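Participant: Each chain, letter by letter, is given below.
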Amino acid sequence: MHVVAPLDSNTVDNADKPAVRDLRRVDIHPDHWYPLAWSREVKRGKAHGVRFAGDPIVLVRTESGNVFALEDRCAHRQVPLHGGVVDGEAIRCCYHGWTYDCTGKCIDVPYLGRERLPNGVRAYPCRESKGLIFVFAGDAKLAETVPLPPLGSVADKAYKTRRFGREVACHYSFMHENLMDMNHQFLHRKQMGKMRARSLGRRRGENWVEVDYTFSREAGQQPIGEALVFGQSRPDSNIERNDVMTVRTQYPYQTLQIRTSEGSLVMDLWICYVPLDREQRTNRTFGLLSIKRPKIGALLDIAWPLLVWFTERIFAEDRWIVEREQEAHDAQGADWNHEVFPVINELRDLLRQCGAPATRRVIPIEPSAESVAV
Amino acid sequence: MHVVAPLDSNTVDNADKPAVRDLRRVDIHPDHWYPLAWSREVKRGKAHGVRFAGDPIVLVRTESGNVFALEDRCAHRQVPLHGGVVDGEAIRCCYHGWTYDCTGKCIDVPYLGRERLPNGVRAYPCRESKGLIFVFAGDAKLAETVPLPPLGSVADKAYKTRRFGREVACHYSFMHENLMDMNHQFLHRKQMGKMRARSLGRRRGENWVEVDYTFSREAGQQPIGEALVFGQSRPDSNIERNDVMTVRTQYPYQTLQIRTSEGSLVMDLWICYVPLDREQRTNRTFGLLSIKRPKIGALLDIAWPLLVWFTERIFAEDRWIVEREQEAHDAQGADWNHEVFPVINELRDLLRQCGAPATRRVIPIEPSAESVAV
Amino acid sequence: MHVVAPLDSNTVDNADKPAVRDLRRVDIHPDHWYPLAWSREVKRGKAHGVRFAGDPIVLVRTESGNVFALEDRCAHRQVPLHGGVVDGEAIRCCYHGWTYDCTGKCIDVPYLGRERLPNGVRAYPCRESKGLIFVFAGDAKLAETVPLPPLGSVADKAYKTRRFGREVACHYSFMHENLMDMNHQFLHRKQMGKMRARSLGRRRGENWVEVDYTFSREAGQQPIGEALVFGQSRPDSNIERNDVMTVRTQYPYQTLQIRTSEGSLVMDLWICYVPLDREQRTNRTFGLLSIKRPKIGALLDIAWPLLVWFTERIFAEDRWIVEREQEAHDAQGADWNHEVFPVINELRDLLRQCGAPATRRVIPIEPSAESVAV
Numbered sequence: 012m013h014v015v016a017p018l019d020s021n022t023v024d025n026a027d028k029p030a031v032r033d034l035r036r037v038d039i040h041p042d043h044w045y046p047l048a049w050s051r052e053v054k055r056g057k058a059h060g061v062r063f064a065g066d067p068i069v070l071v072r073t074e075s076g077n078v079f080a081l082e083d084r085c086a087h088r089q090v091p092l093h094g095g096v097v098d099g100e101a102i103r104c105c106y107h108g109w110t111y112d113c114t115g116k117c118i119d120v121p122y123l124g125r126e127r128l129p130n131g132v133r134a135y136p137c138r139e140s141k142g143l144i145f146v147f148a149g150d151a152k153l154a155e156t157v158p159l160p161p162l163g164s165v166a167d168k169a170y171k172t173r174r175f176g177r178e179v180a181c182h183y184s185f186m187h188e189n190l191m192d193m194n195h196q197f198l199h200r201k202q203m204g205k206m207r208a209r210s211l212g213r214r215r216g217e218n219w220v221e222v223d224y225t226f227s228r229e230a231g232q233q234p235i236g237e238a239l240v241f242g243q244s245r246p247d248s249n250i251e252r253n254d255v256m257t258v259r260t261q262y263p264y265q266t267l268q269i270r271t272s273e274g275s276l277v278m279d280l281w282i283c284y285v286p287l288d289r290e291q292r293t294n295r296t297f298g299l300l301s302i303k304r305p306k307i308g309a310l311l312d313i314a315w316p317l318l319v320w321f322t323e324r325i326f327a328e329d330r331w332i333v334e335r336e337q338e339a340h341d342a343q344g345a346d347w348n349h350e351v352f353p354v355i356n357e358l359r360d361l362l363r364q365c366g367a368p369a370t371r372r373v374i375p376i377e378p379s380a381e382s383v384a385v
Numbered sequence: 012m013h014v015v016a017p018l019d020s021n022t023v024d025n026a027d028k029p030a031v032r033d034l035r036r037v038d039i040h041p042d043h044w045y046p047l048a049w050s051r052e053v054k055r056g057k058a059h060g061v062r063f064a065g066d067p068i069v070l071v072r073t074e075s076g077n078v079f080a081l082e083d084r085c086a087h088r089q090v091p092l093h094g095g096v097v098d099g100e101a102i103r104c105c106y107h108g109w110t111y112d113c114t115g116k117c118i119d120v121p122y123l124g125r126e127r128l129p130n131g132v133r134a135y136p137c138r139e140s141k142g143l144i145f146v147f148a149g150d151a152k153l154a155e156t157v158p159l160p161p162l163g164s165v166a167d168k169a170y171k172t173r174r175f176g177r178e179v180a181c182h183y184s185f186m187h188e189n190l191m192d193m194n195h196q197f198l199h200r201k202q203m204g205k206m207r208a209r210s211l212g213r214r215r216g217e218n219w220v221e222v223d224y225t226f227s228r229e230a231g232q233q234p235i236g237e238a239l240v241f242g243q244s245r246p247d248s249n250i251e252r253n254d255v256m257t258v259r260t261q262y263p264y265q266t267l268q269i270r271t272s273e274g275s276l277v278m279d280l281w282i283c284y285v286p287l288d289r290e291q292r293t294n295r296t297f298g299l300l301s302i303k304r305p306k307i308g309a310l311l312d313i314a315w316p317l318l319v320w321f322t323e324r325i326f327a328e329d330r331w332i333v334e335r336e337q338e339a340h341d342a343q344g345a346d347w348n349h350e351v352f353p354v355i356n357e358l359r360d361l362l363r364q365c366g367a368p369a370t371r372r373v374i375p376i377e378p379s380a381e382s383v384a385v
Numbered sequence: 012m013h014v015v016a017p018l019d020s021n022t023v024d025n026a027d028k029p030a031v032r033d034l035r036r037v038d039i040h041p042d043h044w045y046p047l048a049w050s051r052e053v054k055r056g057k058a059h060g061v062r063f064a065g066d067p068i069v070l071v072r073t074e075s076g077n078v079f080a081l082e083d084r085c086a087h088r089q090v091p092l093h094g095g096v097v098d099g100e101a102i103r104c105c106y107h108g109w110t111y112d113c114t115g116k117c118i119d120v121p122y123l124g125r126e127r128l129p130n131g132v133r134a135y136p137c138r139e140s141k142g143l144i145f146v147f148a149g150d151a152k153l154a155e156t157v158p159l160p161p162l163g164s165v166a167d168k169a170y171k172t173r174r175f176g177r178e179v180a181c182h183y184s185f186m187h188e189n190l191m192d193m194n195h196q197f198l199h200r201k202q203m204g205k206m207r208a209r210s211l212g213r214r215r216g217e218n219w220v221e222v223d224y225t226f227s228r229e230a231g232q233q234p235i236g237e238a239l240v241f242g243q244s245r246p247d248s249n250i251e252r253n254d255v256m257t258v259r260t261q262y263p264y265q266t267l268q269i270r271t272s273e274g275s276l277v278m279d280l281w282i283c284y285v286p287l288d289r290e291q292r293t294n295r296t297f298g299l300l301s302i303k304r305p306k307i308g309a310l311l312d313i314a315w316p317l318l319v320w321f322t323e324r325i326f327a328e329d330r331w332i333v334e335r336e337q338e339a340h341d342a343q344g345a346d347w348n349h350e351v352f353p354v355i356n357e358l359r360d361l362l363r364q365c366g367a368p369a370t371r372r373v374i375p376i377e378p379s380a381e382s383v384a385v
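Chains as they are written, first to last, in my numbering: chain A, 12 to 385; chain B, 12 to 385; chain C, 12 to 385.
For the record, the hints were derived by calculation from the structure and aren't laboratory data.
Source: prediction; values computed, not measured.
Take these hints with a grain of salt, some might be off.
Which copy is meant is left open, because identical chains are indistinguishable; a pair holds if it fits in one copy or across any two.
As the list claims (entries may be wrong) - Listed below are the simulated DSSO-like cross-link pairs for lysine-lysine, each with C-alpha atoms no more than 27 Å apart in a straight line:
{"#": "1", "residue 1": "Lys303", "residue 2": "Lys205"}
{"#": "2", "residue 1": "Lys152", "residue 2": "Lys168"}
{"#": "3", "residue 1": "Lys201", "residue 2": "Lys57"}
{"#": "4", "residue 1": "Lys168", "residue 2": "Lys57"}
{"#": "5", "residue 1": "Lys201", "residue 2": "Lys306"}
{"#": "6", "residue 1": "Lys152", "residue 2": "Lys201"}
{"#": "7", "residue 1": "Lys116", "residue 2": "Lys306"}
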């Protein structure tokens, strides 16, 4: 009685295929560069604690301004290093003063001779780019082979960029599905008026899927906030029937771009959802929203607070609904989604395929001999 | 050392009987009409989310003023329908606009043709009576055969009724036992003075048990609040030695009535305890307290705020103690009650017998093929 | 990669020894006198609820001023007796008025004849000494054979004593290790300046371990707060190089004493960590800090608020760090500590050896016949 059979034939959900994994239990694949903080959050000479999928990580900006990333636990008593003191190019634990360099090596214990120093802690590959601090969360040996993601139009002076994001209490997959299914415009009816999305078709590659949309307004006036986001380059006009929005998941990142019929890129969004807890039921969203400056560039600056307000409202509505989806999954204990939209089923398949293998990562328990038994 | 053997021989707790179920783990029987909201909580053109034993239910009052009840999850992505929009006589999900009528049938998906509409959601039998919205929580086929409960003297103009209630963090059985055992007057000694209850005997039927009491004051003056509740029809007098209080559990409801020696019904309470969570360790109480108007009816209206204050105080004390009982059960993991009062053991037996069968309801997990495996 | 092999050979952590218990899961041994409240918390004619390792205990001060301790549950409906009423030398449950004397015997049920009284509740041996109420939490038959602990210099008029303490969310063993390892002065660098501790060696007996330290200041001035604590008897001087601090765990208590080179005891701390929850992951700390009065005793009184402020700051830092240790243990699921300081390994060994046996105490479930089954 509760069950809706998927009506849409598609490549994913055939009844004769073997049972597939619950998408909401698929861990994100760690062998990518993930943004873990904004650059401004890690001040010179300070340490800052973050998390990736339950692993505590400390980001340290040394006195010379470099940033490095270590496991956020002192090897001695497992307390967080982010409570410690930056000492030149090293971090000193706040408790007994054990000190680690950027490789995680223990280089000082105040009450032990140098020849007796213990081992250190895990170090993570770490890079800083365009105001974000990225960490390679998986196998460090692969870090050199995996490029940092391109970050949209952030570096292009023809665009103005808003950086936004916050914690959202849901699995990252709900975020991808939310953005890619533009039929959810109904959720934003108070902000956007009555818009109808029309899918122009989808494309898929090995680690990406994308879909194009056009929009038509069914009723009402275009709100001014939306005009700023979508239509700033063409004052006095609505989002055009011929404008094309492309939403793309290039694992593990997502982009949303709007191009005019002449091919001009008027809006360029890059976004990433970083799991925080081990169960990956919360994420921190890092978004870069770039808007093409109009001929008179100052107009955009003047209108910026309104754009901020508008995008915050939209994001708050999205956050509310995806957190309700996670709650439903928690209560039902399984994924009861009955998706009828082909591109979303394509996306779900991609996220399963690119995610971490099904065997859950085991926390390596290697305590000292004294604590093996309970 | 902890154990108190029941001293009172009664039909329930014989040592040679087979072990019985832990009453605090007996689910309420769903095949009854339960009040899930006050009428005023469900405004015209609005949806309102409630719960019954862990099941989310949305109450919808359509634009014509009718009320219907559905499972509070959209068939599509399982988000709560109570966040949606009432559209004529239907409810539209806030996320992608899927729309359901009063039978739970899906009648519109904005981006799908009518011929391809998916199945809908579960509908619950729903009726409105005397300011309460009732839902039949169990097997819908039985709803027509089970009458709505009579609601005491609510509809009688000779009485003035106070509607009250709130959430209480305990199993519903603690509520029944609390009200039926009038020896707990000691709990209300600050409000009621030193009263002694005397049981006149009990009666039992198939799905009910009741007990009569008289009261005597051992010390102190009658508080004015109590006079209002018990003695308003006879100003300047205490609750009389010959007044009889009858407390009755007629499964799953409870009533408390006070009659004078001449047979006049001076107070009439109807009350129901609706489990909220799946474990049934919280309930929402709905109470209707009807007081017979005195000759000069305005006296009762003038005194009403005092009566409200008095009953709130009593109810707060009862809530505090039953929540402590639930806490003890949670900590002890079993029912350590050592009841010595025969009518309470009779009541406990009735609640077990009328409750849901011992096999806990299983949540039917029928996800789509894609999410069978973990 | 995470593992630091203990570098310090010691008697505890040899690889060829059998696996030992996780110290953070060793329950404190109940066969001792534990302080459960300050005397001032239990007022005449009042009852006060406390906990020991998950067991609720009510402390009752009768109208004559005596204190007794019972299991904090009425035998009838298991509600807390601390909500009840002291009646002469007995405690009356607030719900139905069942009444217990200082031995736990039920001496009255208002609605039952005296000849039919049920059994009572468990009583705990209880003694009051120097402003603390002690309870013997284990086998009551042993209480007479175990002495109350001596409480340092509390009763000596040459000293002024500060009583302090609060709840700390960690296993008691973290508290012992924190105080005994004076290399953690680094944690208090803001309060204490740059101090270096030097261990002079350790001693061990059957149920105790102790260590001596001297201190040297590496940089900065002595803060005034520290002067008050450590150097009040010698105004205008720092803690002397020849002063000796002795930290001792005499199971289950701990002391810290500072003596001058002439042998004068200038500071005398007695402290006990009482587990609150059944898992023993929180404790309530009871501390008695006695400072020797200087020649002009009023100086100490005048400076007392500063000393209070100083010790609160130190204690707050210690609390923060030990709670982080507990969090790490909770997240890692085992004891990953890699201790390099011999006396701490000695202490850990002692706490394991003196703790409760490994089989966790089982809560005796002896419900009435009616509630055996689920």
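Participant: Using 27 Å as the alpha carbon limit, work out where lysine 152 and lysine 168 are close: within a copy, between copies, both or neither.
Facilitator: The answer is neither: 35 Å in one copy and 67 Å across copies each exceed 27 Å.
Participant: Between the shortest in-copy and the shortest cross-copy C-alpha distance, which are at most 27 Å for lysine 152 and lysine 201: within, between, both, or neither?
Facilitator: neither (49 Å within a copy, 40 Å between copies)
Participant: Given a CA cutoff of 27 Å, do lysine 201 and lysine 57 count as a within-copy pair, a between-copy pair, both, or neither?
Facilitator: between (43 Å within a copy, 17 Å between copies)
Participant: As a check of your reading, is lysine 168 near lysine 57 (CA-CA no more than 27 Å) within one copy, between copies, both or neither?
Facilitator: neither (31 Å within a copy, 48 Å between copies)
Participant: How would you classify lysine 201 and lysine 306 at a CA-CA limit of 27 Å: within, between, both, or neither?
Facilitator: Neither, since 30 Å and 55 Å both go past 27 Å.
Participant: Within a copy, between copies, both or neither: where do lysine 116 and lysine 306 come within 27 Å Cα-Cα?
Facilitator: For lysine 116 and lysine 306, the Cα distance exceeds 27 Å both inside one copy (54 Å) and across copies (52 Å).
Participant: What label fits lysine 303 with lysine 205 when the C-alpha limit is 27 Å: within, between, both, or neither?
Facilitator: Answer is within: at 25 Å inside a copy they meet the 27 Å cutoff, but 55 Å across does not.
When each numbered hint is compared with the structure, violations occur for hints 2, 4, 5, 6, 7.
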